[in-house]
Amino acid sequence: MSAPRTGRDWPLWEVFVRTRGGLSHRHVGSVHAPDSEIALRHARDTYTRRMEGVSLWVVRSSEITASDPGQADAMFAPAEDKVYRHPTFYDIPDVVKHM
Amino acid sequence: MPSLPTIQPADEDAAARASHRGAFDARVAEAPDVGLHEYALRLGDDALVLGQRLTEWCGHAPSVEVDLSLANLSLDLIGQATLFLTLAGDVEGKGRDADRLAFHRDVLAFRNCLMVEQPNRDFARTIARHFLFSTAQHALMAALTRSTEPRLAEIAAKAVKELRYHVDLSADWVIRLGDGTEESRARMIDGLDWHWRFVDELFQMDAIETDLAARRIAVDRASFRPGFDAKLAEVLGAAGLPLPTYPRAVVGGRKGHHSEHLGHLLAIMQYLPRTYPDATW
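If you read the sequences in order, they're chains A and B.
According to our numbering, the first sequence holds residues 1 to 99 in order.
According to our numbering, the second sequence holds residues 1 to 281 in order.
Next comes chain B alone, as it looks inside the complex:
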């Protein structure tokens, strides 16, 4: 007597239709890790939206050297976004790749923090945002290199080197503008004050990230706050700038509650692939 029932034509049809095409060692389809998908979206959207914002400086920076410098930061971030969104799409398992997620989601589906979507305004405000964001993001990526999710750890290992440079470059400019002319100092103070309300969100935890942190996939963002405050005190001290003291924090980006600015940014970024859906580049 055979140990297994005879395979019937109907069984073969079912196997051929299955996503693993009947391969005997294919992994059984698991429920997608919703938390990891969401987390990869947050990381990807932070990098994508800030990268897109920085591209607005192309051809408009104070000098051609600064133009290249900002474009270079932007390309680092868009590269990181591509990797994180690819991971988000893979984890989701619905066949959406990085381009699909970047160009075919609407504003309410974006999970970036509010700071990165804010308009550039002047060079000082752009630098203030970049210093605040990349200081927090560098600490996060350094910790994520030890994530138990290997794909996350690999992306973080690449990003951490790039963000190290972003922190150094933006800190250099904070010091020079803060310790520069009366006008550059006033603009630097305004830039830091203006972005201060979005800082708390960089360290905000919720149920999704707390669960991922318990599984050692993610890390507790709040644990980076003391290091962030110390770095801020060091750089602002060297610049002779006062610590920002905006009284109220604004949050909501992780839930899709965005400022009016994100929609305008997406309209420009998504125009081409939505108008010419089959375009390749």
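In isolation and in its complexed conformation, chain A is listed as follows:
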């Protein structure tokens, strides 16, 4: 339950909110909290006060492995000239939502 701590501050947690059923959780921000349960409570009180969500996730920020901005060219540039990967050459049926 409790996370290892380095300084006097509570660790940081990233917050993800599902706004309604069928949609995926989206990152909305972060909170400080001593453990995951309190992090959920803080996320609830900070990010869903105006009925923004039906489900919450919190993840320790230190558990996230991020890509290196210095390597952005190698990571993302090769996709630039592959326009055929967009599904724009098809008609999407109306019944398919949230694509």
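If you're looking for bench data, these hints aren't it; they were derived computationally from the structure.
Remember, predicted model here, so these are calculated numbers, not experimental data.
Any given hint might turn out to be false.
To be verified - Not everything, but these chain A residues come out facing chain B in the computed CB check (under 7 angstroms):
#: 1; residue: R41
#: 2; residue: D45
#: 3; residue: T48
Said to hold, decoys possible - In silico contact screen, one side only, chain B against chain A (beta carbon under 7 angstroms); selected entries:
#: 4; residue: E65
#: 5; residue: L68
#: 6; residue: N72
#: 7; residue: S74
#: 8; residue: L169
Note that beta-carbon positions come from the ideal geometry of N, C-alpha and C, so glycine has one too.
Mind docking chain B on chain A? Use the hints.
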């Protein structure tokens, strides 16, 4: 021969002056239900005074997240207070609305229990009070959802969901502070000990509430004590905290016998509407 006497101009004048304005199906003015008025005041004042107390943490909480968290509890309570005081004013029938009752009564007319008016002191004592109060209040509201007074049942149905969260949140903190550092544990023990003397009043019955309970409008508060004790044992056990044992209970809030702290709280809360009586917000 007509079956009813002819209506005279004097009768029409009398009808127009009556509160129901002469509508033939208007209810005859009943004597206000004094007991229900008093009960709604007690419930409203408990929520209002605790809600106001919690606002004192705004900008002063241990972290910005806790600041929002406490403000959120406060807003739930002030929302409940608005509904209960509106009901109290309606039942009384003298035209006093929730604002009138909240801002234009003096300390002796307040009917809240003594626990809610106590100063916040530190975060642990605030959490101790919130855990004790909301555990008792949640049981009360859950039972009041079955009240034969529909307006009371509707308010309780809204409040019970909010108070469920208050119990869970404050229990989480009791466990973390009790099972935390030496200092947080000492403060948590002090907070619970300090508020223990005001617990009995949460379960106190008097003639007014006994009468309302017999009419199934209210419920017997004393019946919630075993559940309260069990919840307390469960949470304090998880926190590794001893059960509080303050020897003497203090009561009197329901009769308007308050501690010195309530007057100071009201002075701050009531200052604006009393200084600027026509202000709107």
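Hints, one by one, checked against the model:
| no. | hint | verdict |
| --- | --- | --- |
| 1 | R41 | 6 angstroms, holds |
| 2 | D45 | 4 angstroms, holds |
| 3 | T48 | 10 angstroms, violated |
| 4 | E65 | 4 angstroms, holds |
| 5 | L68 | 5 angstroms, holds |
| 6 | N72 | 5 angstroms, holds |
| 7 | S74 | 11 angstroms, violated |
| 8 | L169 | 6 angstroms, holds |
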